[in-house]
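S.K.: With the hints as your guide, set chain B onto chain A.
2 protein chains.
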Amino acid sequence: MRNIALRLSYDGSAYHGWQAQASEATVQQTLERAVEKTVQHPVHITGCGRTDAGVHAMRYCANFRTDSAIPTDRIPLALNSRLPADIAVSAAVEAPEDFNAIGSCLQKEYIYKIHNSRIRDPFLDLRACFWPAPLDADVMNAAAAAFVGRHDFAAVRSVGTPTKTTVRTVHWCRVERDGDMITVWVCADGFLYNMVRAIVGTLVYASDGKLSPADIPLLLEKGDRRLTGPTMPPQGLYMHRVWYEGDVGRMMAIP
Amino acid sequence: MRNIALRLSYDGSAYHGWQAQASEATVQQTLERAVEKTVQHPVHITGCGRTDAGVHAMRYCANFRTDSAIPTDRIPLALNSRLPADIAVSAAVEAPEDFNAIGSCLQKEYIYKIHNSRIRDPFLDLRACFWPAPLDADVMNAAAAAFVGRHDFAAVRSVGTPTKTTVRTVHWCRVERDGDMITVWVCADGFLYNMVRAIVGTLVYASDGKLSPADIPLLLEKGDRRLTGPTMPPQGLYMHRVWYEGDVGRMMAIP
Chain A
1 MRNIALRLSY DGSAYHGWQA QASEATVQQT LERAVEKTVQ HPVHITGCGR TDAGVHAMRY
61 CANFRTDSAI PTDRIPLALN SRLPADIAVS AAVEAPEDFN AIGSCLQKEY IYKIHNSRIR
121 DPFLDLRACF WPAPLDADVM NAAAAAFVGR HDFAAVRSVG TPTKTTVRTV HWCRVERDGD
181 MITVWVCADG FLYNMVRAIV GTLVYASDGK LSPADIPLLL EKGDRRLTGP TMPPQGLYMH
241 RVWYEGDVGR MMAIP
Chain B
1001 MRNIALRLSY DGSAYHGWQA QASEATVQQT LERAVEKTVQ HPVHITGCGR TDAGVHAMRY
1061 CANFRTDSAI PTDRIPLALN SRLPADIAVS AAVEAPEDFN AIGSCLQKEY IYKIHNSRIR
1121 DPFLDLRACF WPAPLDADVM NAAAAAFVGR HDFAAVRSVG TPTKTTVRTV HWCRVERDGD
1181 MITVWVCADG FLYNMVRAIV GTLVYASDGK LSPADIPLLL EKGDRRLTGP TMPPQGLYMH
1241 RVWYEGDVGR MMAIP
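Sequences listed follow chains A and B, in order. Just so it is clear: in the first sequence, position 93 is 93 by the numbering used here, and no numbers are missing. Just so it is clear: in the second sequence, position 100 is 1100 by the numbering used here, and no numbers are missing.
Isolated chain A, as found in the complex:
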């Protein structure tokens, strides 16, 4: 059976996240319906991560199995003709039999966008977190450095998804300002539930002087979610990159 890996992007504003639900529209269900119409049989699609309601993805990987003879390079246009404008498949590749979009993932990068301006902008604020109070991106970047490395991240996760361990390795975490837009980049071997949004809330706390960047190692050691910053809203969060070995990795690396 062929194992097809897809590269896609989506604006999550209109969806209740990635994962299929009984009552609400999700990206997974919408994509499954488009694939099923294309390959003419029921499919289950595995995604590289569960994004929450309102979260976006610039580069997302998903895979499904099929006996259909459709040429791989025809799959993106075939799916796009059946998908709404807020989901687009940009590439497809035949993956090894044991490839799995979540299990085979080597590392992931999320970005978080903050529109830091006194005045809202309707063309930005559905896809960034509007934050009217001034933020200091340099202080935030100093605080971000404290998250890099192998740590127990229980202090910056929401309880909800069971997990064997709350230890992860953050490869990078940095903050840059470009005009009114502040972007936070976080890359790790894996993420706990709401981890990026809680890290960004903690960076905002650092900018506001509610904690010092030097406090963060101790806060991580204590592991108490009540001592770190708030979980930031979903519309600023994007799945930005996902890394794999082989052909799927090469497909996902295209800018």
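Because the hints were derived from the structure by calculation, they are not lab data. Heads up, some of the hints might be wrong.
[Claimed, not checked] Cβ pair distances, simulated, as ranges:
hint, chain 1, residue 1, chain 2, residue 2, range
1, B, Arg1082, A, Glu176, 27 to 35 Å
2, A, Glu36, B, Glu1245, 58 to 66 Å
3, B, Asp1178, A, Pro42, 39 to 47 Å
4, A, Ile254, B, Glu1036, 46 to 54 Å
5, B, Thr1165, A, Ile119, 36 to 44 Å
Note that beta-carbon positions come from the ideal geometry of N, C-alpha and C, so glycine has one too.
M.R.: Using the frame of chain A, we list chain B on its own:
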């Protein structure tokens, strides 16, 4: 009674256009509700133009009358705190007693965005028209020049809104490509219903070789809507600039 002019922008994706309707959410109604909560009495808001469902506005002008003593410079934040994220008021000014956002308007500019790429982009295609076939922006720009000047524009309007005359003066009409994005700018002393979308459809016809830029003067003279290009979809259209005299004009000129 004070006459307050507002400068606002909106993403029209979620609205059934500007004008109030009995059953559907519109920008006018949403704004009126926010103003009424702020000034504590019923208001009627006059807009600078009726945009259709799905059409956006980067700079839009509206006015309303009130006896409220709220300082003018506090109005934008007061309204924004009551408006959804897809509508934002960026400035307010006290206008002359006889100012009217539509009647006092000197000229308007619309832009139309075409995302000309083989592959869709969810972060562009709700706010631009996705067009996968190659378009020649130079041919479109040559055709655009034929619309400039004082003409009868009956050939590029949809019937629907009664109007005394179908003669208008187009001050400029030009087309530029920036990567995958083609933008059409059209400025006129006034616009007929669907005029910009029909002009852009005619420019697309010119690019496709379905008509020649040299044909356009004769097509305008004939005034037959069936001979020009199609009405393009709404999501590419933006009210871009509106010109007035005096303080309102200065407010609307801020970049």
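S.K.: Please check whether Ile254 (chain A) and Glu1036 (chain B) have a Cβ separation lying inside 46 to 54 Å.
M.R.: holds, 51 Å
S.K.: Verify the CB-CB distance for Arg1082 (chain B) and Glu176 (chain A) against the hinted window 27 to 35 Å.
M.R.: Given about 33 Å between the Cβ atoms, the range holds.
S.K.: The hint says 36 to 44 Å between Thr1165 (chain B) and Ile119 (chain A); measuring C-beta to C-beta, is that right?
M.R.: holds, 39 Å
S.K.: Could you say whether the range 39 to 47 Å given as a hint is met by the Cβ separation of Asp1178 (chain B) and Pro42 (chain A)?
M.R.: Distance hint for Asp1178 (chain B), Pro42 (chain A) holds at roughly 43 Å.
S.K.: Given the range 58 to 66 Å, decide if the beta-carbon distance of Glu36 (chain A) to Glu1245 (chain B) lies inside it.
M.R.: holds, 60 Å
Going through the hint list in order, the structure satisfies each hint without exception.
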